[in-house]
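Construct the complete structure from the given sequences, taking the supplied hints into account.
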Amino acid sequence: MLALRRPSVLPGFGPTLGFALLYLSLIVLIPLAGLFVRSAELGVEGFFAAVSTPRALAAFRLTFGASLLAALVNAFFGLLLAWVLTRYRFPGRRVIDGLVDLPFALPTAVAGIALATLYAPNGWIGSVLDKVGLKIAYTPTGVFVALVFISLPFVVRTIQPVLQDLEPEIEEASASLGADRWQTWRFVVFPVLLPPLLTGFALAFARALGEYGSVIFIAGNLPGLSEIVPLLIFIQLEQYQYANAAAIAAVMLVASFILLLLINVLQRWTAKRHGDE
Amino acid sequence: MSIEVRGVEKVFGNFRAIHGVSLNVREGELVALLGPSGSGKTTLLRVIAGLEFPTAGSILFDGEDAVTRHVRERKVGFVFQHYALFKHMTVFNNVAFGLRVKPRADRPAPEEIKAKVDALLDLVQVGQFGNRYPSQLSGGQRQRVALARALAIEPRVLLLDEPFGALDAKVRKELRRWLRGLHDRMGLTSVFVTHDQEEAMELADRVAVMNRGRIEQVGSPTEVYDTPATPFVYEFLGNANRLPCRIEKGRALLGGTVFTEAEKLVDGAGIAFVRPHDIEVTTERLTLSIPAVVRQVLVAGAVAKIELSLEVEPGMIEVALPRGAHWGAPFTAGQKVHWRARTARVFPAADGGAPAAAVEVEPTTLK
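Residue numbers (my numbering), protein chains in the order written: chain E, 9 to 285; chain A, 525 to 891.
Just so you know, the hints here were simulated from the structure itself, not pulled from any lab data.
Every residue, glycine too, gets a C-beta built ideally from N, C-alpha and C.
Any given hint might turn out to be false.
Unchecked claim - Here are some of the chain A residues that sit facing chain E, going by a computed Cβ distance under 8 Å:
#, residue
1, Ala-573
2, His-612
3, Arg-736
Stated by the list, open to error - Some chain E residues well away from chain A (every beta-carbon gap over 12 Å; in silico):
#, residue
4, Val-118
5, Ile-133
6, Leu-185
7, Val-200
Right under this line is the structure:
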């Protein structure tokens with residue numbers, strides 16, 4: 009309560025906090041609570057039975073695994089892309105910069121259909137890969153490809169502003185002190201980029217977990233093999249298994265929340281270690 | 525270590541930042557590169573450091589070519605205007621950085637690094653702040669940390685880019701004195717860039733005045749102040765009245781009146797410079813004096829500033845009199861007076877003033 013009583017030049021802490029909590033409750037907390045209430049209908053045993061079917065477990069594994077992998081891949085390539093876009097001036101830079109946002113704007117179904125067409129065994133890329141024996145569309149790999157596509161902007165857009173604000177003198181200072189390029193990158197530049205990189209990673213990961221539209225077109229959706237959790241929930245709903253759907257959703261929710269919380273803590277910790285507090 | 529700059533040019537795209545500049549910095553000397561913004565002084569410093577590659581010319585460290593050497597091999601301590609400290613590292617780690625990135629064979633042991641960094645932090649008077657982050661320090665402290673960081677690698681030369689530019693006046697003055705003391709103790713060959721002539725005068729052994737990518741004059745602070753080589757140097761160093769005049773038969777005329785000698789100059793248009801404190805003002809006519817009317821008297825601290833209205837170009841001149849002299853014969857606005865230059869310097873107007881043609885005269889010695 010101390011925080012509430014601290015004098016501030018900006019008035020209205022009470023009303024704004026009140027409204028923020030109300031808003032958050034209406035938009036986020038109450039619907040989520042409904043989820044838990046609904047899944048509670050199953051009872052403890054029923055709940056575990058619903059979420060531990062081989063099909064559900066496979067879906068969890070695929071969703072979390074592919075999302076994590078996609079976020080990791082984007083953390084790396086997103087950083088590279090942000091670096092190139094902020095550090096170098098080349099023709100077409102603005103166009104590429106604009107393209108980065110496309111996955112944000114494109115309806116996910118369109119993205120999914122486009123990707124499926126490209127990577128299908130008779131598609132442009134798919135036909136080439138097919139010759140070397142690689143199948144992308146209608147496999148778990150296809151899920152991963154779709155998730156990489158839709159979560160790309162998050163890492164790029166969180167790192168870009170930080171990279172832009174990074175003074176070139178910092179690197180010059182490092183070089184004048186005798187550091188080689190790798191040392192300058194490792195000890196001077198990268199530590200500054202780490203907190204936004206973690207943020208971007210967390211956002212990309214969260215986005216990938218919830219993705220539905222683009223994935224279902226490319227995944228093939230074979231139960232137990234290339235079926236993602238959001239689709240499984242949808243199928244359960246279609247079969248009027250509302251409680252089962254809610255139970256699976258609840259597990260997904262709790263797991264996502266814990267993961268995001270962990271990333272947040274990690275991020276806070278790196279920021280603190282770097283003296284931003 | 526000595527630094528020799530030989531005919532250095534630097535071109536950025538269509539812009540020529542430095543035009544064939546040469547400069548010698550002797551071992552243990554503290555040299556100021558003084559000039560207005562855009563004069564190329566920072567570019568020259570960066571070329572010396574190896575942060576920029578010269579388009580032409582060479583840089584010699586102790587007679588040895590340094591241009592082909594990368595910054596990290598030159599062993600120069602470079603202090604940036606905005607400190608460029610590593611924000612995510614503590615003060616201690618900032619200073620230790622240069623020691624820790626050394627190749628394993630040359631890297632001191634951790635205890636040695638600690639001892640050395642602690643000694644440096646004490647030297648720059650931030651010994652108790654080793655565990656803080658740069659954001660928790662004041663501007664003056666940050667600049668000193670930046671200096672300690674540069675000194676940690678035992679540089680052969682120290683280069684400072686507007687070292688006090690971002691600090692307030694009082695801190696700047698203190699730090700300036702402190703830096704001069706430090707330089708005297710360490711004897712490290714140093715070059716610093718500044719646009720503040722007072723700073724250059726107070727701190728440097730020699731001053732190189734730069735304008736539009738060229739060095740206009742190099743000399744001790746008194747040399748450049750007392751015998752400026754070009755009109756630019758005259759105006760840039762301290763206040764000066766700029767008087768367009770005519771040169772006739774070796775004399776400079778201001779509105780028909782001879783006011784100073786200009787022996788070696790060809791007849792034609794000229795520009796005379798007179799410093800405000802080199803002007804005498806009296807109520808009666810003197811040899812070579814010119815009539816004027818007092819426009820305004822401003823008393824500021826130890827000097828009285830008097831503005832005189834002239835009938836001829838430039839219409840107004842500024843005079844600075846010590847308070848004592850002024851009190852002896854108080855002038856008031858509207859009063860008719862005579863003034864003459866104790867010393868003046870005349871340059872031919874056409875070519876902007878070639879140093880060889882400039883002549884200094886002592887009007888008081890004229891008959």
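For the hint on A:His-612, does the least C-beta distance to chain E fall short of 8 Å? Hint holds; A:His-612 Cβ to chain E Cβ min 4 Å, cut 8 Å.
If you take the shortest Cβ to Cβ gap from A:Ala-573 to chain E, is it below 8 Å? Where the cut-off is 8 Å and the nearest Cβ of chain E is about 6 Å from A:Ala-573, the hint holds.
Exclusion check [E:Leu-185 not at the chain A interface, CB over 12 Å]: At roughly 4 Å from the nearest Cβ of chain A, E:Leu-185 sits no farther out than 12 Å, so the non-interface label is violated.
Claimed clearance of chain A by E:Val-200, with the beta carbon kept past 12 Å: It is violated; E:Val-200 is separated from chain A by about 6 Å at its closest Cβ, not greater than 12 Å.
Taking 8 Å as the limit, does the beta-carbon of A:Arg-736 come near enough to a beta-carbon in chain E? 25 Å, violated
Run the C-beta distances from E:Ile-133 to all of chain A and say if the shortest one exceeds 12 Å. Given that every Cβ of chain A is farther than 12 Å from that of E:Ile-133, nearest at about 41 Å, it holds.
Beyond 12 Å from every chain A Cβ: check whether that's true for E:Val-118. The assertion about E:Val-118 holds, with a minimum of 42 Å to chain A.
When held up to the earlier numbered hints, the structure conflicts with 3, 6, 7 and fits the remainder.
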